[in-house]
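Q: These are the residues of each chain, in order.
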Amino acid sequence: MDSGFLLLQLLNGLQFAMLLFLLAVGLSVVLGMMNFINLAHGTLYMVGAFVGFAAAERAGSFWAALVAGPPAAAALGAVFYAGLLRRMQQAGAMKQVLVTFGLIFVGIDTVRLIWGDYEQTLPAPSVLAGSVHILGQVYPAYRLFVIALGLMLALILHLGLERTRLGAAVRAGVDDRVMAASLGLDIERAFFAVFCLGCALAGLAGVVAAPVLEIYPGMDMAILIPTLIVVVVGGPGRLAGAFLGALLIGMAETFGAVLVPDFSGFMIYAVMALALLLRPQGLLPARHSS
Amino acid sequence: MISTYRAAAVAALAASLAAGPALAEEPIKIGLVLPFSAGPYVPLANEIADSLAMAIADAGGAVAGRRIEVLREDTTHKPDVAQAKAKKLVFEDKVDMLVGPVGSNELTALLDFANQSKTPLLIPNAGDNEATGERCSPWVLRTSFSNDQIVREMGPWMVKHGYKTAALIAFDYAAGHQQMDGFKRGFTQAGGTIVNEQYPPFGPISDFGPYLAKIKEVKPAAVFTFFAGPPATALVKQFTEFGLKDQIKLAASGWLISPLNLPGEGDAAVGVLGILNYVPAIDAPENKAFQAEFQEKYHRIASEFAAQGYDTGKLIFAALQSLGGKTADKAALVKALHSVTVKGTRGALRIDPKTNNIIQDIYIYEARKNGDRVDFAILDKIPAVQDPPNGCNL
Amino acid sequence: MSTGERRQHIVAALLLLAALAAWRFSGYAGEDRLGEIAVWAIFAMSLDLLVGYAGLVSLGHALFFGLGAYAMASLALFLKGSPSLALLAGVATAGLSALAIGAIVVRLAGVFFIMITLAFGQMGWAYFLRARAFGGIGGMSGVRQIDLGRLGLDLANPADFALIAIIAAALVYLLLALITASPFGRMLVALHQNEHRARALGLPVQRYKLAAFALAGALAGFAGGLQAQRTGFVSPELLVWTTSGEVLIMVILGGLGTLVGPVAGAAIWVVLRHILSDMTAYWMMAMGLFFIAVVLFAGGGLMGLARPRAAADDA
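Residue numbers (this note's numbering), protein chains in the order written: chain A, 1 to 290; chain D, 1 to 394; chain E, 1 to 315.
Calculated from the structure, these hints are not laboratory results. For every residue, glycine included, the Cβ atom is placed at its ideal position computed from N, Cα and C. Where hints are given, some of them may not hold.
[As the list claims (entries may be wrong)] Chain D residues, not near chain E, derived (Cβ > 10 Å throughout):
(1) 196
(2) 245
(3) 259
(4) 297
[To be verified] Partial list, computed: chain A residues near chain D (C-beta under 10 Å):
(5) 6
(6) 8
(7) 15
(8) 71
(9) 110
(10) 114
(11) 125
(12) 129
(13) 188
(14) 218
(15) 258
(16) 261
(17) 262
Can you build the whole structure from these sequences, using the hints too?
A: Structure representation (structure tokens):
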């Protein structure tokens, strides 16, 4: 394995990890806060991509997709939260999960109804469409953008969690919801804000991934399980956990694909199973006990 | 003793039943068993079904006074549903023949059922070699292609044109392996060397970065591959993005640069070589008429799947005509399908009775930039490519 | 016998009568549907033991369904063994696998248990998708059917298969009814409702969970073997996580922890799917909305509706 190959693979792994991170962070924090797995998270990713594509087509620019996709996903998430989820707080975790499972079916057919069954394309913006030379290797500029975007967002989210009031409320809520509520922190509002933010990030992931992974009905299912694995492995509820989990899975998938091809098919499931058995609270567990 | 009157009445009744003008008006029924609503093949299913119906309509829609009815049943991309729908079509709707499937996941179910129930089944797409090889059946005919049939001429062609080393990449499932094996055989026999083979797991995520990095490392003269649908678009684009395009020739079975994918691939597709049983650019009156009609109706270029659907309809119609519209004897129907030759969108077509696979021309072509569009230039045509029996004893 | 259990048995008896009546008067398609429903009913009942009684929500139960099917098919095909022995071997394979995997996973609970069962199910699916020995994506066909000629029955005939499958489902129901009414069954429910107290009382909680997991797995394997008999082929779809999701939906639809509910749930889901997919290409949306409505407004499923008063029915 020469150094050029290694560099390429590292970049590939990092890029895939950033995509996974964008998807996983919303799911992870929601899971840590509300003990709730939103199986329709992939649907938000898909909606973000399709809405972004529609906006980009109308405006003739990729950046329109970035502007339109995340809010659309967030809006959908908000409607779901206010209309359904909040009412089901008493119903128990399993019911909430089941409802989101039903939403997957609704989501995929809605997308098919509006945009049809064929694949759509969201080309990378022309300023990022070319390739760059890094240390003697040719690498797509757009993927470097994905890496940069992911890292930047991770930093912003980290600062948000550590430095803002909302962030403090979220951290408190994840640590100990009952205590936080009793201290008068408006946990409800914090949860709602975070939930919508998570949805927006999923929609953003959809737009960002589109030039690499294509847009088509069914893309939600494709990304759901890898995202769940990242959340589980990294540890639900913590930003750093989602980041670390995404790095691990992204690198494992990328290197595994070429180093152990026969095994790579079910490797990530094996990784998840091992993580659950050896360290079920994740690599970086949230401090409270679930 | 029956009175003369009653005997005459009985005779008259018997005669009218035998002549049966009422029976002659009963429609001929074709049952389509395709994934119309779920799974990755929905667009293909619709193209095949729409084109088949178009072909029947173009030919007149009726044979010997019997209208031809095309019934559609949705497999929802599940093999057990495919089987259930096939049973319904045969035992309840009493279709004269079945058409399906699109993908290899439903092939086993339909093949088995058709064989057991002795119902003619025409495969309009799925290319698994064994369906017209080791697992061939006297009742199952294929109007599309076998995987081997598409690719085996590409190896020798590429060696002849100066590409002596190649890397292979395809999904790790039967069709991927069959296509790579078919290419490999011809390529190595003609003197080429395969320097690397990779088979990514047949998963939904099409990030080929890791695999392309490996290919770059081994520096082949060409890459041969098989992908269809969104992964195909991803591969073509990523091949350019990772800088392989300048140094390595990308060649593939033609689905990689299908009309369904070209809009997404854009300029990245320029220069890619394809080998397939159909190209929209085929310069023959039958194809031109077909493309014109399809484009007017559906506002996009007809793909190879639509062409296969159309040709299937044409073959069925020709067979029905040769039988004078009589479909009661299914074995005769199969024989008729063996006996007819049609000029389809792809050229001259007929079904080989030894394998039940279609005999067709195979085209080698290249994607070229034409103004602000990308279209195809046909480089070569290998006429009447026929599969050897390869395990089939018909 | 409690009122609840009595109600279950009455409904079960009614369902059996309805099934037999439908069998008597159905055409070809009806018989085909009945056979399909009966197989799913067995699969769903096995999951109910796990989810409804033991409280272990699995999103990977299809693993054992598929293992039973593949084991049955391969033994009959490769070893040219008798299909009935192969079916038994399929059940054993599924049960033993469930025992082995259960030993690893039952220590987890809640969300973690869901995720790890999902992981194992997907591992099984990924394996069979690529295993050329088992046909890969296309699966294997030519599964030989059990010869019931002595009974005057031919399993290739949908009406005969449906009858056998209905009887099998009834027997599975009886078996599970006995088990859930037994001390073992009662303990299972007790530890589901309050694991801490059960542990404090000295119950070997893990062992009970494991027993439930293994038994559920074995029964799912039986359903899988029957499925292979019904369709004559096996394919990786049998193990994919959405199959696990579908059977869970059937259990919820019918009513968690009611044993007979899942049977009704299976019937509703199968019939609805066929009807809707015939009517529209967007049947998934209709099914999704229907399921959401059930979860929201009829959380106890069909059996919950049958109860005079809505009870707290959380899992």
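Q: Each of the hints needs a verdict: does it hold here or not?
A: Status of each hint after checking the structure:
1. With a least beta-carbon separation of about 20 Å from chain E, residue 196 of chain D lies farther than 10 Å from that chain, consistent with its non-interface assignment.
2. For residue 245 of chain D, the shortest C-beta to C-beta distance to chain E comes to about 30 Å, beyond the 10 Å cut-off, and the non-interface label holds.
3. Residue-level check passed: residue 259 of chain D sits 23 Å from the nearest beta carbon of chain E, beyond 10 Å.
4. With a cut of 10 Å on Cβ distances, residue 297 of chain D stays outside the contact zone with chain E, its closest approach being about 19 Å.
5. Against a cut-off of 10 Å between C-beta atoms, the interface hint on residue 6 of chain A holds, since the closest Cβ of chain D lies about 9 Å away.
6. At its closest, the beta carbon of residue 8 of chain A sits 4 Å from a beta carbon of chain D; the interface hint therefore holds under the 10 Å criterion.
7. With a least beta-carbon distance of about 7 Å to chain D, the hint placing residue 15 of chain A at the interface is held under the 10 Å criterion.
8. At about 25 Å, the closest approach between the beta carbon of residue 71 of chain A and any beta carbon in chain D exceeds 10 Å, and the interface hint on this residue is violated.
9. Among the interface hints, the one on residue 110 of chain A is violated; its C-beta lies about 14 Å from the nearest C-beta in chain D, farther than the 10 Å criterion.
10. Because the beta carbon of residue 114 of chain A sits about 15 Å from the nearest beta carbon in chain D, more than 10 Å, this interface hint is broken.
11. Below 10 Å, beta-carbon pairs count as interface contacts, and residue 125 of chain A has none with chain D, the closest being about 14 Å; its hint is therefore violated.
12. Using the Cβ-Cβ criterion of 10 Å, the hint placing residue 129 of chain A at the interface with chain D is satisfied: the shortest such distance is roughly 9 Å.
13. Evaluation of the residue 188 of chain A hint against chain D yields a violated restraint, the C-beta minimum of about 36 Å exceeding 10 Å.
14. At its closest, the beta carbon of residue 218 of chain A sits 6 Å from a beta carbon of chain D; the interface hint therefore holds under the 10 Å criterion.
15. Hint on residue 258 of chain A holds. Least Cβ distance to chain D is approximately 5 Å, under the 10 Å limit.
16. This hint holds: residue 261 of chain A has a C-beta 6 Å from the nearest C-beta of chain D, less than the 10 Å allowed.
17. Annotation: residue 262 of chain A was flagged as interfacial toward chain D, and the flag holds, the nearest CB pair being 8 Å apart, inside 10 Å.
Against the hints set out earlier in the document, violations occur for numbers 8, 9, 10, 11, 13.
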